[in-house]
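Protein chains in written order, with our numbering: chain A, 1 to 292; chain B, 1001 to 1245.
Bear in mind the hints are in silico, worked out from the structure with no lab data behind them.
Keep in mind that this is a model prediction, so the values were computed, not measured.
A few of these clues could be false.
[What the hints assert, rightly or not] Derived CB-CB ranges, DEER-like:
#1 B:G1029 - A:L270: 53 to 61 Å
#2 A:P5 - B:P1036: 16 to 24 Å
#3 B:A1133 - A:A193: 31 to 39 Å
#4 B:E1108 - A:T274: 36 to 44 Å
#5 A:D197 - B:P1036: 23 to 31 Å
#6 B:A1158 - A:W259: 54 to 62 Å
Positions of the beta carbon are idealized from the N, C-alpha and C atoms, including for glycine.
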Amino acid sequence: MSQPPLRPGSLLPRNRSRDFALHFVVAVLCFLACLAAVGALAADRAAQGWSRDIRGEATVQVIPRSGETGASAAARAAEVLAGVRGVSEAAALERDKAEALLRPWLGDAPLDDLPVPHLVAVRLDPAHPASGADLRRALTAAGVDGIVDDHDRWLEGVEQAATGVRAAVIALFLLMTAAAGAVIAFATRTGMAAAHDVVEVLHLTGARDDFIAGLFQVRYARLAAVSGLWGAGAAAAVAALVKVLGGGDGLTPALPLAWSDLLAVSPWPLVAATVAVVAARLTTMRLLREFE
Amino acid sequence: MPRKAAPSASQAARKAATTEPVVRFETVGMRYGRAPEVLKDVRFTLSPGSFHFLTGPSGAGKSSLLKLIYLAAQPSRGRVELFGHDVQAVPRQDQPFLRRRIGVVFQEFRLLDHLTAFDNVALPLRVAGQKPAAYREDVRELLSWVGLGQKLNAMPPALSGGEKQRLAIARAVVNRPELLIADEPTGNVDHEMALRILKLFIELNRLGTTVLIASHDRELVEASGMPVLKLNEGKLTRQRGADAA
Chain A
1 MSQPPLRPGS
11 LLPRNRSRDF
21 ALHFVVAVLC
31 FLACLAAVGA
41 LAADRAAQGW
51 SRDIRGEATV
61 QVIPRSGETG
71 ASAAARAAEV
81 LAGVRGVSEA
91 AALERDKAEA
101 LLRPWLGDAP
111 LDDLPVPHLV
121 AVRLDPAHPA
131 SGADLRRALT
141 AAGVDGIVDD
151 HDRWLEGVEQ
161 AATGVRAAVI
171 ALFLLMTAAA
181 GAVIAFATRT
191 GMAAAHDVVE
201 VLHLTGARDD
211 FIAGLFQVRY
221 ARLAAVSGLW
231 GAGAAAAVAA
241 LVKVLGGGDG
251 LTPALPLAWS
261 DLLAVSPWPL
271 VAATVAVVAA
281 RLTTMRLLRE
291 FE
Chain B
1001 MPRKAAPSAS
1011 QAARKAATTE
1021 PVVRFETVGM
1031 RYGRAPEVLK
1041 DVRFTLSPGS
1051 FHFLTGPSGA
1061 GKSSLLKLIY
1071 LAAQPSRGRV
1081 ELFGHDVQAV
1091 PRQDQPFLRR
1101 RIGVVFQEFR
1111 LLDHLTAFDN
1121 VALPLRVAGQ
1131 KPAAYREDVR
1141 ELLSWVGLGQ
1151 KLNAMPPALS
1161 GGEKQRLAIA
1171 RAVVNRPELL
1181 IADEPTGNVD
1191 HEMALRILKL
1201 FIELNRLGTT
1211 VLIASHDREL
1221 VEASGMPVLK
1231 LNEGKLTRQR
1241 GADAA
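Could you build the full structure based on these sequences and the hints that come with them?
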């Protein structure tokens, strides 16, 4: 007598060509989602860097009082501001540097006769930065007239951009998840149509809908998890390549990539398998209700 | 029969305790879509532990009648009862539990070509949640008993018609059903094997299983001496020794 098989065979027949196509599509979706996640982390880090830079500086335009030169007013303001708590450094901007700031707007025109603003560049303590109000209060107390620009309006723009990037990534994630779910649902539908006879025999031998749905869930969860691994692995490899080729700052200095960002790809095989389980179950249970 | 085929205490008790018909048809009519009725005012009962043949010419409605019993179709009118349950009132989620009490040998076998002979026979046990370790030896013995002990790992497309037939029968009886339905179970085997299969059914019947066999094989029906339900143009026209409805 021959020996029975050690492990029971899969109750659902395999279709290698259809499974390969599904593997490919799910892997590509995971690859794109993983790249988006890594890119989002890099963008978020860049936005934080920009915010830190902007928040770490302030500029004061000094208005000289009568009988006072602009240079002396600026020097006095710098001295006052340097003593404010939360200020690391304050220095009056020399005329040639102030002129250089105007060049992008005025070109090579001679600026000797122009009333170039007298500016004080203030570097704030990164740990406990002084606020714009602190600076204004100190100047008023010292009898210096000036307009304090704490760069808040630029900060708002950077934070809006960072929020936009985060929202785009979330939208991309939802889109990829929906696309993966739709692909799995479609595959389940075609898989059930192809295995119609098998499903009918399972029913007639006493299989419950839950049991049959479970077969499709396990099949597509495994398939999605393996595809997710391939997609996530490929995305991690691309991100690592970009970091290595881009030097210490990653892709570009403006979009810094850290090695830890590569960990962002790790949950995706699980996410893909979970989406597959949900999509396969919903599709199978609906089709089984229509089955008879 | 393999050792596990001996009637369980609950099965024997069930047989002794209940006189409720296993199957009861009351003025049952059935049609496919808007086509004329294939079954007309069919009335009969199958008592627990009974053995019946169902005969009639092709197109008489034998397969349709069997489909009503194994819950693959619903009657257009009338009432079908299985184990005391009105099948039209049984919720969908409970139907599998009724089906597990019925073994079916399909005319076209309905074996799963991607599974081995062993896995095909084990199918009803797997869907009922049994673990391979629990059924491994029983399935092997049953396959050996139907003459397929050397083909446990063969795939159905590699088997002859007779071997497929025996495989289908083994699958139908592996979970010792209370009711066994067979649609032309000897259609693809020689006379000797047909008699052997008949002996298997009779033995199962002795162990308490109610048996209904649809067959064209007049010789086999006569040889069995069992009651006959005869269908003709959708009507149950003759009952030789069969239970009256």
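So, going through the hints one by one against the coordinates:
Range check, G1029 of chain B to L270 of chain A: Cβ separation about 54 Å, and the 53 to 61 Å hint holds. Checking the proposed 16 to 24 Å range against P5 of chain A and P1036 of chain B shows it is violated: the Cβ atoms sit about 48 Å from each other. The hinted range of 31 to 39 Å is satisfied by A1133 of chain B and A193 of chain A, whose Cβ atoms lie roughly 34 Å apart. Look at E1108 of chain B against T274 of chain A: about 40 Å separates their beta carbons, and that is inside 36 to 44 Å.
Between D197 of chain A and P1036 of chain B, the C-beta spacing of about 28 Å keeps the proposed range 23 to 31 Å intact. A C-beta distance of roughly 55 Å is found between A1158 of chain B and W259 of chain A, which places it inside the suggested range of 54 to 62 Å.
Figure legend: structure checked against the earlier numbered hints; the only hint not met is number 2.
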